[in-house]
Amino acid sequence: MRITFSTFPNALVPQLGTLASRQAKLQTEAATGQRVQNASDDPVAMRRVLDLQAEAQSMGQYRKNVTRLQEVAGASFTAMRSLQKVSDRASEIATLADGLKSPEEMKIYAAEVNQLIQQAVQTANAKNRGDYIFAGTKNDLPPFTMALDANGQVTGVTYQGNDSVAESEIVPGQTIAVQPPGVNTSGSGPQGLLGDSRNGSDLFGHLISLRDNLLAGNAAGIVADHTNLAKDEDNLMQQYGLNGSIQSRLEVTAARIGDQLLSVESVVSQEVDADLAETLVKLNETQMAYQAALQSGASIMKMSLMDYLR
Amino acid sequence: MLGLFGSLNLGARSLQTQQQGVEVSGHNLANVNTPGYARQRLQISTGMALPTAVGWQGTGALGTAVTQARDAILDRQALREGAIQGSLDSQMKALQFAETYLGEKLDRQASGADGTSSTTSVGAQHGLSEGINSLFAAFQSLSTQPSSLTERQVLLMKATDLTTRFNTTSTRLGELDASLNESLTTEVGSANGLLRDLAALNDRINRAEMSDGTPANDLRDLRQQKLEALAKYVPMDVVETTGGLEISVDGQTLVSGVNQLDSLETYDAGGGRLQVRTVTGATALNLTSGSLAGTIEVRDGAIAQLRNSLNVAAGELISMVNTAHRNGFSLNDTTGADFFTGTNAGNIAVNAALTADPVLLQASGALGNKGDNQTILAMAQLNTSARAALGQQTVFQYFSKTIAAAGQALSSVTAQQSDQKVVVDMLNRQRDSVSGVSLDEEMTDMMKYQKAYTASAKLITTIDEMLDTIIGMKR
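Chains as they are written, first to last, in this note's numbering: chain L, 1 to 310; chain V, 311 to 785.
Hints may contain errors.
[Stated by the list, open to error] Calculated pairs, EDC-like style, for lysine to aspartate or glutamate (alpha carbon to alpha carbon, straight line, at most 16 angstroms):
1. K415/V with E271/L
2. K536/V with D385/V
3. K25/L with E278/L
4. K415/V with D41/L
5. K536/V with D547/V
6. K415/V with D42/L
7. K127/L with E71/L
8. K711/V with D42/L
9. K415/V with D273/L
10. K731/V with E391/V
11. K711/V with D51/L
12. K25/L with E285/L
13. K415/V with D51/L
14. K302/L with D750/V
[Unchecked claim] A few chain L positions that, by computed beta-carbon distances, are all more than 12 angstroms from chain V:
15. L96
16. S197
17. K231
18. Q287
To be clear, the hints were calculated from the coordinates, so they are not data collected in a lab.
As the structure is a prediction and not an experimental result, all values here were calculated from the model.
From the three backbone atoms N, C-alpha and C, an ideal C-beta is built for every residue, glycine too.
All chains should be modelled from the sequences, with the hints used to inform the complete structure.
So, in structure tokens, the structure goes:
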């Protein structure tokens, strides 16, 4: 092949261009630590990473959901514990108030039960971030309202919530409700916290009945109330257990999401991250080649026959 | 015998010839860096021989023609490969814009708008994909607290952010489309200018060559350059006839010798998509390469597909979210409102009534139950629902496929373009080896002519001395 004056510069310019653009790419890789930035760098990897990141993002959201549900479950647990205390004390009073007690003593017990009812209503109307926990999905209004007579005696407690509860997703396709409705008399759906027609529990009804029987000194009635209060206690114990299992399920889910995120991160890293050692070695090689091209090009181009003519 | 005066003439002619040789070398040296220049050579032949008593006697040498070193096959190839390169260049440029406008970039270091990477440590995405993910995450978030006004506001902000991104991307791609149309018109204008120049050059070359019958080298160089410039725009057939070059595109003759018979024009073939035809022709030219073909191909191919996919994704998002939302109930117990308005990526927007009053967002699935989350949960679960309209993919899968397809288009055009560059570079080197000027050769030639010049001058001095001798015989 005949080599002419422009052969060298014409060849050198694209060679330098190729080397320079390779250097720029490697430098970007080294600086960002990423092999892929734009879709065109590696369309297949980009697609996989976009899907993985979407998965990670939705898992991140599930983790937030779990945190939020843990908060509600915690709040509902606290309320259950104080309701449990009310129920325990009421049973205790029903046991203590046998026929041997004087009517005065009975009245004192009755007054205490009346207080217990009010305390229970207050606790059952617990709120979390502005929503009533035990109102089912009608959680903008306090679930339990008391009717008082002129003497400050609670004559009735009405439930104005409903028996359905909102379920939230914690893993794709799986939903969970962390708090029970206050009362469920429909015979189906989630068990009511303080009253459920299926197991005969009705804490407020039984407390009011106990107080009335104490006031009236009706020993037989008190024995019946004792039996009924045992149903309420059982019901509360069940809710307690349910809450515990829900909390542990949430905890396990959160841990699993954490593990999954870690594995997604390692897959993303394999797809996208640059091997820094390899990148730097390649960058070094390219720089050497660039220097060699410059030096050889310059030394060839400055040489010509003219140096030897005079 | 030539006689002394005849020999003196021979010497003078020889001087002239060698001087011409130096001049041609000088011309070559002067044009060593001129693009499109082909080196020239002086053709020297022996002068007319005279019959003498001892046989035919030569009368020296004379320059007969200045020819140029050109390879017609390589020149033709340059036209063809130039057209292919033109096509790939224009496609690559347009797709680079499209990728930038799409704004999808992986960034493992940065945290996303909501600190995505700090919670998930996989890095953030920029652009629409992140917006889509954030929207569904916000649906989820609201489903855990359906009556919370804060969550509602956050959700509406995320949704507005997504619709804005859709609108911006759609607008930018629309502008890209318009600018491609504009560049078609501009390039057709330049091509027409070149066609005019070529017809004029045919004329000038005809006149120049008719006067003395030798090739008009420099004008031919210029014509080849113009042809190569034209080939970047359109692929063409070139035939050399006695009247000059005949240039035709897709079988339609545009230039025949000195006459420009036709020129190119753009016209709207429907839907604002400009096509190229000849002024006298009614239908679009079938262009297989060249930047005009590349621009049309990328506009109606990858970019049209990208725009369409965006519209399909936005349309499906609008319809599925609205269908779910309409059945829900707001905190005021209103129902039946849409979540999104609009029909495609260009006009998608969040229902203004909702942004004005987040209470109206219909998250509840049961009338009067503000703590119910069935509707908003159904909206959140749309994230994983495969849609028939999207080829049984979820909105996000469809979208990430679209991004990958755009990336694939650019990546494959870039690879083709760099392959083509290698071909063109090789072709240029080959042409250079035939037509390029070598300084060493020219210097050698110059020395050669210089020595011959000196020798011819010596001849003249010798004849001069001989004449002196003759004249000195008589005193």
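Here's how the hints hold up against the structure:
no. : hint               : verdict
1   : K415/V with E271/L : 14 angstroms, holds
2   : K536/V with D385/V : 12 angstroms, holds
3   : K25/L with E278/L  : 13 angstroms, holds
4   : K415/V with D41/L  : 10 angstroms, holds
5   : K536/V with D547/V : 14 angstroms, holds
6   : K415/V with D42/L  : 12 angstroms, holds
7   : K127/L with E71/L  : 12 angstroms, holds
8   : K711/V with D42/L  : 13 angstroms, holds
9   : K415/V with D273/L : 14 angstroms, holds
10  : K731/V with E391/V : 9 angstroms, holds
11  : K711/V with D51/L  : 9 angstroms, holds
12  : K25/L with E285/L  : 13 angstroms, holds
13  : K415/V with D51/L  : 14 angstroms, holds
14  : K302/L with D750/V : 12 angstroms, holds
15  : L96                : 40 angstroms, holds
16  : S197               : 21 angstroms, holds
17  : K231               : 28 angstroms, holds
18  : Q287               : 21 angstroms, holds
Violated hints are absent here; each numbered hint is respected by the structure.
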